[in-house]
Amino acid sequence: MQLTLEFGGGLELLCQSVKIHKVNVDLQAGKEKLTMRDLLSWVRTNLIKERPEMFMKGESVRPGVLVLINDCDWELSGQLDTTLVEKDVIVFISTLHGG
Amino acid sequence: MAEVEPKQKKASGRQCCICNQRRAVLKRPKTLEQICRECFYAVFEDEIHRVIVDNQLFKPGERIAIGASGGKDSTVLAYVLSELNRRHKYGLDLFLLSVDEGITGYRDDSLETVKRNEIQYGLPLKVVSYKDLYGWTMDEIVKMIGLKNNCTFCGVFRRQALDRGAALLKVDKLVTGHNADDIAETVLLNILRGDIARLSRCTSITTGEDGPIPRCKPFKYTYEKEIVMYAYFKRLDYFSTECIYSPNAYRGFAREFIKDLERIRPRAILDIIKSGEDFRISTSTKMPEQGTCERCGYISSQKWCKACVLLEGLNRGLPKLGIGRSRGLNGHKKDIEQINQMNNIQSKPCGSLDF
Chain R
17 MQLTLEFGGG LELLCQSVKI HKVNVDLQAG KEKLTMRDLL SWVRTNLIKE RPEMFMKGES
77 VRPGVLVLIN DCDWELSGQL DTTLVEKDVI VFISTLHGG
Chain P
551 MAEVEPKQKK ASGRQCCICN QRRAVLKRPK TLEQICRECF YAVFEDEIHR VIVDNQLFKP
611 GERIAIGASG GKDSTVLAYV LSELNRRHKY GLDLFLLSVD EGITGYRDDS LETVKRNEIQ
671 YGLPLKVVSY KDLYGWTMDE IVKMIGLKNN CTFCGVFRRQ ALDRGAALLK VDKLVTGHNA
731 DDIAETVLLN ILRGDIARLS RCTSITTGED GPIPRCKPFK YTYEKEIVMY AYFKRLDYFS
791 TECIYSPNAY RGFAREFIKD LERIRPRAIL DIIKSGEDFR ISTSTKMPEQ GTCERCGYIS
851 SQKWCKACVL LEGLNRGLPK LGIGRSRGLN GHKKDIEQIN QMNNIQSKPC GSLDF
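Those sequence lines, one after another, are chains R and P.
Heads up, the first sequence is in this note's numbering, so the first residue is 17 and it goes up one at a time.
Heads up, the second sequence is in this note's numbering, so the first residue is 551 and it goes up one at a time.
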């Protein structure tokens, strides 16, 4: 599944200072759909190069990291249970850096 | 992002609860309402306008400096304030005021952001530097003292630097981008530290009214989440790299705790601010008396202000002076021990918690 992932607010530093990643994520064997839960674990394994605790806490993002799916707050679409489809754009923004 | 086609499947069933027309894009932490982008801009700006009017933050004709770091909060503040000033005819003269701490690879980059903001928002910019004011850059200070108490120096110096910059600009007030999350965090920290004096003033929307330049916080009730969402949707140009001398500073446990609370119950942030406001300090509590520094004339509860003590230490090659409680200028062994014991408590990570 082709997805565009964007990291901002300082999170890009965790993935080699690259903000936009066009990625291909395969469905896990035996599963019919890809959820945000699956994507986060994929991102942690494949994109985050350092300090993963800045990005995740437990199986979700660290509190203070905002997530938008196709420019819509993921709190409106079911957060971890949101099902992703081809060409979705997922944005992660940290709010934790100085003001 | 322009190539993104609107997705229908996630749009269905999620209408804005204000206009009932457009697709909701945001859940407001304050009210849990689901709202669309246009209604979000409207309520976000309108709430800040209400805070400004209800608290009489400004008077027509005033000159106002916006403390601008290039980060999200001050960038959004500069944008919104210039917008509201035009829209509601506040009649304010707005300026951007930045402090150059002299941190290569951090502040020089964020100052570039402020310089772009100067052009984008048409606001004149004044930069004051630690080097000019104190004779030291943070790079030089860290070279001398290491990475242990550097945030103490930086915090004390920044506070004065902003006041001096504001005086140079001849402004009537200084506004800062401290948001609701910052204030809730400060309330908690001041309770934990037992700092009664700061606890009683940290929730005030305006402080320093008895001093030369009052400060106010128009974002006192504005959630960080909404500030960042606003900056994202409006594509505002802000800088978001952590300070190189304070890595992980934002992991401060109070901040983490606030963010955990917010996830469970977003109103908790406003509730903590309310608790801070409602704290009543017994009238018999002895508070530090505010005087002026004998050396530089800045407000101080001691003979010398904190900046002068720290500076004296740097210039004399005794950088631990002023760290901890010891105030003696001839470092006795006992003082040093005491200083060392205090380090753990006194050195706090940066995060502009003192205001």
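One or more of the hints may lead you astray.
What the hints assert, rightly or not - DSS-like, lysine-lysine: derived pairs with alpha carbons at most 27 Å apart:
1. R:K49 to P:K577
2. P:K698 to P:K870
3. P:K681 to P:K853
4. P:K665 to R:K35
Claimed, not checked - Among chain R residues calculated to face chain P with C-beta under 10 Å, some are:
5. G25
6. G26
7. L43
8. G46
9. E48
10. E75
11. R78
12. L82
13. S110
14. T111
What the hints contain is simulated information worked out from the structure, not anything from laboratory work.
Cβ atoms here follow ideal geometry from the backbone N, Cα and C, with glycine treated the same way.
Hints, verified against the model:
no., hint, in the structure
1, R:K49 to P:K577, "25 Å, holds"
2, P:K698 to P:K870, "10 Å, holds"
3, P:K681 to P:K853, "24 Å, holds"
4, P:K665 to R:K35, "23 Å, holds"
5, G25, "5 Å, holds"
6, G26, "4 Å, holds"
7, L43, "18 Å, violated"
8, G46, "24 Å, violated"
9, E48, "16 Å, violated"
10, E75, "13 Å, violated"
11, R78, "8 Å, holds"
12, L82, "6 Å, holds"
13, S110, "7 Å, holds"
14, T111, "5 Å, holds"
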